[in-house]
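Protein chains in written order, with this note's numbering: chain A, 1 to 188; chain B, 1 to 159.
These are computed hints drawn from the structure, not numbers from a lab. Just so we're clear, the structure is a prediction, and the values are computed from it rather than from any experiment. Don't take each hint at face value.
To give an idea of the chain B side of the interface with chain A (calculated C-beta under 10 Å), a few residues [what the hints assert, rightly or not]:
| no. | residue |
| --- | --- |
| 1 | Glu9 |
| 2 | Val13 |
| 3 | Lys104 |
A few chain A residues that don't get close to chain B, going by computed Cβ distances all over 10 Å [what the hints assert, rightly or not]:
| no. | residue |
| --- | --- |
| 4 | Leu40 |
| 5 | Ile76 |
| 6 | Lys132 |
| 7 | Asn148 |
Using 25 Å as the maximum straight-line C-alpha spacing, the simulated SDA-like pairs for lysine to any residue come out as follows [what the hints assert, rightly or not]:
| no. | chain 1 | residue 1 | chain 2 | residue 2 |
| --- | --- | --- | --- | --- |
| 8 | B | Lys104 | A | Gly163 |
| 9 | A | Lys46 | B | Glu11 |
| 10 | B | Lys98 | A | Arg86 |
| 11 | A | Lys55 | B | Arg29 |
| 12 | B | Lys104 | A | Phe69 |
| 13 | B | Lys104 | B | Phe32 |
| 14 | A | Lys55 | B | Val13 |
| 15 | A | Lys181 | A | Ala166 |
Cβ atoms here follow ideal geometry from the backbone N, Cα and C, with glycine treated the same way.
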Amino acid sequence: MSLTDQQAVEATLRDRHAFSILVERYQAPLLRYIQRLGTLDADVAKDILQETFIKVYLNLNDYNPTHPFSSWAYRIAHNETMIHFRRQKHRPVVLDPEQYTTLFESIPDELDIEKEIDVGRTSVDVGQAIAKLKPVYRDILVLRFFENKSYDEISYILEIPNGTVATNLARGKKALALELKNKYITDI
Amino acid sequence: MDTFSEQVEKEIVARGVTPLPRWHFLVRRSVFWTLAVFSIIVGTIAFSAADYVFFDNEGMSAATILESPIEVIVQTVPFVWLIVFGLFVASAYLGLRKTRSGYKYRALLAVSGVIVVTIALGMLLNLFDFGQTVHYYLLHHTTFYNALIHSSDDVQVPF
Numbered sequence: 001m002s003l004t005d006q007q008a009v010e011a012t013l014r015d016r017h018a019f020s021i022l023v024e025r026y027q028a029p030l031l032r033y034i035q036r037l038g039t040l041d042a043d044v045a046k047d048i049l050q051e052t053f054i055k056v057y058l059n060l061n062d063y064n065p066t067h068p069f070s071s072w073a074y075r076i077a078h079n080e081t082m083i084h085f086r087r088q089k090h091r092p093v094v095l096d097p098e099q100y101t102t103l104f105e106s107i108p109d110e111l112d113i114e115k116e117i118d119v120g121r122t123s124v125d126v127g128q129a130i131a132k133l134k135p136v137y138r139d140i141l142v143l144r145f146f147e148n149k150s151y152d153e154i155s156y157i158l159e160i161p162n163g164t165v166a167t168n169l170a171r172g173k174k175a176l177a178l179e180l181k182n183k184y185i186t187d188i
Numbered sequence: 001m002d003t004f005s006e007q008v009e010k011e012i013v014a015r016g017v018t019p020l021p022r023w024h025f026l027v028r029r030s031v032f033w034t035l036a037v038f039s040i041i042v043g044t045i046a047f048s049a050a051d052y053v054f055f056d057n058e059g060m061s062a063a064t065i066l067e068s069p070i071e072v073i074v075q076t077v078p079f080v081w082l083i084v085f086g087l088f089v090a091s092a093y094l095g096l097r098k099t100r101s102g103y104k105y106r107a108l109l110a111v112s113g114v115i116v117v118t119i120a121l122g123m124l125l126n127l128f129d130f131g132q133t134v135h136y137y138l139l140h141h142t143t144f145y146n147a148l149i150h151s152s153d154d155v156q157v158p159f
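One chain only, chain A, in its complex shape (with noise of 0.2 Å):
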């Protein structure tokens, strides 16, 4: 029987070497994550991902059971990130539209646009156009789309209130849709 994440993190405390029960469940989840909000570099995407877990075995004590462990792991890789593109004073502008996959099925009902840009839209096209837009809502539009997380965890991952996350998203989701109008319209 596997273990739950709340009784990984409790044997974890125990034990040490039940740390990699953690790390082998979110290993890729969260590599993937940390590769879409602009880490191209799989090294670096890699060294990311391992502050991440030496951070999340340092603050065991500190996970708080109400919210699920991946959230709570998200968090932190997301922080990670922001730490390490701060450093660099650089955040990539330039995806990896391989990455964009997922959101380029997904797009004619999220964003209400089937019609208008049916034709010629590809997934470099939505790598593109995500890459275009402010961090803020590049961020979301990740969390929601690719990693399929609620309101409420992608408020608790990213430290802001459940409706700045609507606010955003619906913008993110508006100034996507007009990204890829333009691109369109300017295409043929």
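Following the hints, complete the assembly by docking chain B onto the known chain A.
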């Protein structure tokens, strides 16, 4: 070759990292709550003193007020207390923002909440002449307060 989880574990051992104790986080959270509560208390005192100084203005006749109301307001508004009030409202907000669930509240809502609570408590204290007590205590026991509180007495409004 090591798996990623083994690499993480090796790094944890190499750096000598151990989970911080529970009390560390309790103390950290308590510091922010203490800052918030302390700031609200000081803000309340500042507001009660400001309220007293502004409204219980001795020697201000109705004729003077009617003659030059703006000048009267400029000269009687206790700017020192209002500055103290503003600083501690900001500090209370920062303290609350850093608590575990502080992120849930919009800045405008949190600041408004702190202001409302502080003003309500200040007015409540003034039912017991608290602002007056603070004002006269500082007047009689400090040298700087008299100069600060009357710093705008000679201000002439150019209209």
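Mind listing which of the numbered hints don't hold for this structure, in increasing order?
none
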